[in-house]
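Engineer: Sequence lines, in order, name chains A and B. 214 is the number of the first residue of the first sequence in our numbering; add one for each residue after it. 5 is the number of the first residue of the second sequence in our numbering; add one for each residue after it.
Worth flagging that the hints you see were computed from the coordinates, not collected in a lab. This structure is a prediction, so every number in the text was calculated from the model and none was measured. Incorrect hints may have been included.
Heads up, simulated SDA-like pairs for lysine to any residue below, C-alpha to C-alpha not over 20 Å straight-line [unchecked claim]:
{"#": "1", "chain 1": "A", "residue 1": "Lys224", "chain 2": "A", "residue 2": "Asn237"}
{"#": "2", "chain 1": "B", "residue 1": "Lys46", "chain 2": "A", "residue 2": "Asn223"}
{"#": "3", "chain 1": "B", "residue 1": "Lys60", "chain 2": "B", "residue 2": "Asn26"}
{"#": "4", "chain 1": "A", "residue 1": "Lys270", "chain 2": "A", "residue 2": "Glu308"}
{"#": "5", "chain 1": "B", "residue 1": "Lys46", "chain 2": "A", "residue 2": "Leu258"}
{"#": "6", "chain 1": "A", "residue 1": "Lys270", "chain 2": "B", "residue 2": "Gly100"}
{"#": "7", "chain 1": "B", "residue 1": "Lys7", "chain 2": "A", "residue 2": "Pro221"}
{"#": "8", "chain 1": "A", "residue 1": "Lys278", "chain 2": "A", "residue 2": "Pro221"}
{"#": "9", "chain 1": "B", "residue 1": "Lys49", "chain 2": "A", "residue 2": "Ser280"}
{"#": "10", "chain 1": "A", "residue 1": "Lys278", "chain 2": "A", "residue 2": "Glu292"}
{"#": "11", "chain 1": "B", "residue 1": "Lys49", "chain 2": "A", "residue 2": "Lys278"}
{"#": "12", "chain 1": "B", "residue 1": "Lys46", "chain 2": "A", "residue 2": "Asp251"}
{"#": "13", "chain 1": "B", "residue 1": "Lys46", "chain 2": "A", "residue 2": "Lys278"}
{"#": "14", "chain 1": "B", "residue 1": "Lys49", "chain 2": "A", "residue 2": "Glu292"}
{"#": "15", "chain 1": "B", "residue 1": "Lys46", "chain 2": "B", "residue 2": "Ile113"}
{"#": "16", "chain 1": "B", "residue 1": "Lys7", "chain 2": "A", "residue 2": "Asn241"}
{"#": "17", "chain 1": "B", "residue 1": "Lys7", "chain 2": "A", "residue 2": "His254"}
{"#": "18", "chain 1": "B", "residue 1": "Lys46", "chain 2": "A", "residue 2": "Leu323"}
{"#": "19", "chain 1": "B", "residue 1": "Lys60", "chain 2": "B", "residue 2": "Thr28"}
{"#": "20", "chain 1": "A", "residue 1": "Lys278", "chain 2": "A", "residue 2": "Ser312"}
{"#": "21", "chain 1": "B", "residue 1": "Lys7", "chain 2": "A", "residue 2": "Gly271"}
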Amino acid sequence: EAAVTQSPRNKVAVTGGKVTLSCNQTNNHNNMYWYRQDTGHGLRLIHYSYGAGSTEKGDIPDGYKASRPSQENFSLILELATPSQTSVYFCASGETGFSDYTFGSGTRLLVI
Amino acid sequence: QQKVQQSPESLIVPEGGMASLNCTSSDRNVDYFWWYRQHSGKSPKMLMSIFSNGEKEEGRFTVHLNKASLHTSLHIRDSQPSDSALYLCAASTTEGADRLTFGKGTQLIIQP
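With these hints in hand, go ahead and build the complete structure from the sequences.
Structural biologist: Pasting the structure below:
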């Protein structure tokens, strides 16, 4: 069954440390996305990608980098984690054009 | 500024009743709307999409769209406790078809 798998499910990081969140999809979708979800803010787009080698800035890219080394994998990198980046992060994949997304199960990140 | 506004923030409906949720975009370029449902602790899953003026029905769920006012509404009849969830409205433009902008959501509680 096609799926989007995120790892880790939970992560505790220290302020100033580097954090890498990973996402793998078996949907063969061209597009992949990273969102964060916070109470009172809904889902906000951080970075997205149209295919291997491409990354685009979303609405709130500051403090985050992204990497798409292959069709299947899309990573979100926090070079210098801050407590304000404590959140639930969702990865999603979608077809090109007007397509619904398939979301992963989320990564709960706590930066202390 | 949030481009997709949802109301109400929360809604309590008795079991068997009708739930009505609203969503409006402030971006005149928006053409397409989606509704996602997210149960507590889970990832969002697409419920319905609507691209044309009018109404679309799937089982107990009906979606309306008025493109002139950029307003969509989701109606759930014969509400069940399992319908209790966060309902997210998302929108995209023709040019930005690959990017969904989400609202903050409506928390729906169905009281047995």
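Engineer: Does each hint fit the structure? Answer for all of them.
Structural biologist: For each hint, the structure was consulted:
no.	hint	verdict
1	Lys224/A x Asn237/A	holds, 17 Å
2	Lys46/B x Asn223/A	holds, 14 Å
3	Lys60/B x Asn26/B	holds, 15 Å
4	Lys270/A x Glu308/A	holds, 18 Å
5	Lys46/B x Leu258/A	holds, 18 Å
6	Lys270/A x Gly100/B	holds, 13 Å
7	Lys7/B x Pro221/A	violated, 31 Å
8	Lys278/A x Pro221/A	holds, 17 Å
9	Lys49/B x Ser280/A	violated, 25 Å
10	Lys278/A x Glu292/A	holds, 8 Å
11	Lys49/B x Lys278/A	violated, 26 Å
12	Lys46/B x Asp251/A	holds, 14 Å
13	Lys46/B x Lys278/A	violated, 25 Å
14	Lys49/B x Glu292/A	violated, 30 Å
15	Lys46/B x Ile113/B	holds, 16 Å
16	Lys7/B x Asn241/A	violated, 30 Å
17	Lys7/B x His254/A	holds, 12 Å
18	Lys46/B x Leu323/A	holds, 18 Å
19	Lys60/B x Thr28/B	holds, 17 Å
20	Lys278/A x Ser312/A	violated, 25 Å
21	Lys7/B x Gly271/A	holds, 14 Å
Checked against the numbered hints given earlier, this structure breaks hints 7, 9, 11, 13, 14, 16 and 20; the rest are met.
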